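Student: Each chain, written out:
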Amino acid sequence: MKHIREYEEQEIKDLMGDLEKVGQGPLKGWILAVFPYDVDGPLSGGFQGARYYAITAYTLQEALFLVAEANLGLEDEELKDLLSDVEDFPDLEDVINTASDHETGYVHLEVWKGLIPKKKEPQVVEIENSNPFIVIKDLSQEFTNVQAVMSANT
Amino acid sequence: MKHLKEYEEEDVRDLMGDLETIGHEQLKGWYIGMINEEGYFSIYAILAHNEGEVEQMIRKDWKWAGKNIPEKFGNAYGGRNNLFNSFLDALMSNLMRGDELRFYQMHKDLIVKNPTGKKPMILNFPGYNPILATEKLEELFSNIKQKMSEEKDDFEEESSETEFPDLK
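Protein chains in written order, with the numbering used here: chain A, 995 to 1148; chain B, 634 to 801.
One chain only, chain B, in its complex shape (with noise of 0.2 Å):
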């Protein structure tokens, strides 16, 4: 068997996915930066192994999202007056409907750097200072500079809002 430096990095990113198929996921990076009614602009990087992870995280310590936090319907979660396959999408849908958030950007698989030893985690810091927050996201995430730059409405685009049948 070759030294994993040996490999190509395509083949590094399939056994990735081999490993994840197995149970071993690596943890993966999310971005999402807000601002609330009052103006106020944070930006929340969040390290976790998969979005099931992220939902409990954000169950337990976002105690500010409320009634906005989705249920969950099956395999779906509850939007205001629709259904979505992601919990993180249909939150920020809610936080957006209920007034809570005048904005929203998000941005999913993001690469964390040097995974080894670190913790699923939500952090969270201001976002008017544009320096302070690159920094910080490029010390987090190796490609998070390449995605942001790639600009788009990840909430329309990344969505998954989906039609399903009436579950009544």
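Chain A on its own, in the form it takes in the complex (with noise of 0.2 Å):
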């Protein structure tokens, strides 16, 4: 096998798509805003405001399985058959509502994609806070490119 340095670059690029097709292509990162509430109203305790999930994953299927995981805390198995039809981010409202009994409300805002992880291992981070000026400090820890995606995707 050659070095990797000896191959055109085309081959490289090749190369690379192979790899995303087999789950190793570069950790992506998407920023999902949700709004979750408890169905028994604001009083009932708990967070109120808008949570933002931070994700870094190989593949969209990967990133989905991470917030369902966060929010249902079901077995994996049950997890991939809930998520069998989902196919973005917005799917994930009524699937998560409904395995959830509807006791806990899971309202989709935005999705952004794009974006370049910090970290180094698939992971969700969960940010909950309506102040925008603390939710950009706290994005910009796990993505180097905030600003750009988030201003651009309006």
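Just so you know, not all the hints are guaranteed correct.
[Said to hold, decoys possible] Derived DSS-like pairs (lysine-lysine); straight-line CA-CA distance at most 27 Å:
no., chain 1, residue 1, chain 2, residue 2
1, A, 1112, B, 778
2, A, 1107, B, 769
3, A, 1131, B, 778
4, B, 741, A, 1131
5, A, 1131, B, 746
6, B, 769, A, 1131
7, A, 1131, B, 780
Source of the hints: derived by calculation from the structure; they are not laboratory data. All of these numbers come straight from a predicted model, not from anything done at the bench.
Could you fit the two chains together into a complex? Lean on the hints.
Tutor: Written out as structure tokens, the structure is:
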């Protein structure tokens, strides 16, 4: 096998494409904004503001799984079944609300793609804050290009 | 008399305070971030000379607040079971207790940038994109980042809820 430096640029791009197909591409980032609430009302306790998920994953399916897991606490096989028809983040709203018997409300607000993760492993970080200055500070701990992505996606 | 530029910042603030006492109030700012029952996150940036002007604008424009707009009792404003000496504190309390809102955050005493020529107004924009929200807020107010980086529960600490004697 040749050293990687000996490959042509197109060959390297093809190799990266093949790696992505088997889930070994570069880590990608998403920011998901949701509004979770207790259906019994704001005085029933628990955080009632906006929640942001800073998601680092190799694929969209992995990212969806991480968010569903953070919300539902089910076994992996149960989550995989639930997510079998889920294609993107907005679809999670119905899945999470139904799976929790609507005891917790989950409202999808917005998703941003194309973030460049600082972390080296797949993970999801939850940021519970409605103060936009604090949210930016916390999101910037997770991704290098928060400003560029969130300014562009209007 | 020295040129204004030659005064220390504290002297300028004292001068502004003195101007207010003789009726030359500067525009001030308020920030209210709120999340309603459906999860919609709105930010209201308010510019006004005083809270009386804020009250006038809200009574005129916030029809959606309905019966949560507080009644006035002398110098106080009616909450659901109590009185406040601030219109905004009473309003936000009513909206929360009336289940119109799930969450709110309010900041007062914001310094308006370049107030000359600006008029009292209430600006409203979505809050869930923090980059766009902070850009708009920093265009309006010079001390918003400092104020909001000192994270605290404003609706508890700045509330003007007061025990008043029974007015009946």
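Student: Quick one, are residue 1131/A and residue 778/B close enough, alpha carbons at most 27 Å?
Tutor: Distance of about 11 Å is within 27 Å: holds.
Student: Has the given pair, residue 1112/A with residue 778/B, been kept, meaning a C-alpha gap of at most 27 Å?
Tutor: holds, 25 Å
Student: Given the hinted pair residue 769/B and residue 1131/A, is their Cα-Cα distance within 27 Å?
Tutor: holds, 17 Å
Student: Next pair to validate is residue 1107/A with residue 769/B; report whether the Cα-Cα distance is within 27 Å.
Tutor: Holds, because 22 Å separates the two Cα atoms, which is no more than 27 Å.
Student: Is the straight-line distance between the alpha-carbon of residue 741/B and that of residue 1131/A 27 Å or less?
Tutor: Roughly 22 Å between the alpha carbons, so the hint for residue 741/B and residue 1131/A holds.
Student: Is residue 1131/A within 27 Å of residue 746/B, Cα to Cα?
Tutor: Answer holds: residue 1131/A to residue 746/B is near 23 Å, not above 27 Å.
Student: Check the hint pairing residue 1131/A with residue 780/B against an upper bound of 27 Å on the C-alpha distance.
Tutor: Answer holds: residue 1131/A to residue 780/B is near 15 Å, not above 27 Å.
Going down the numbered hints, you'll see the structure goes against none, and every one checks out.
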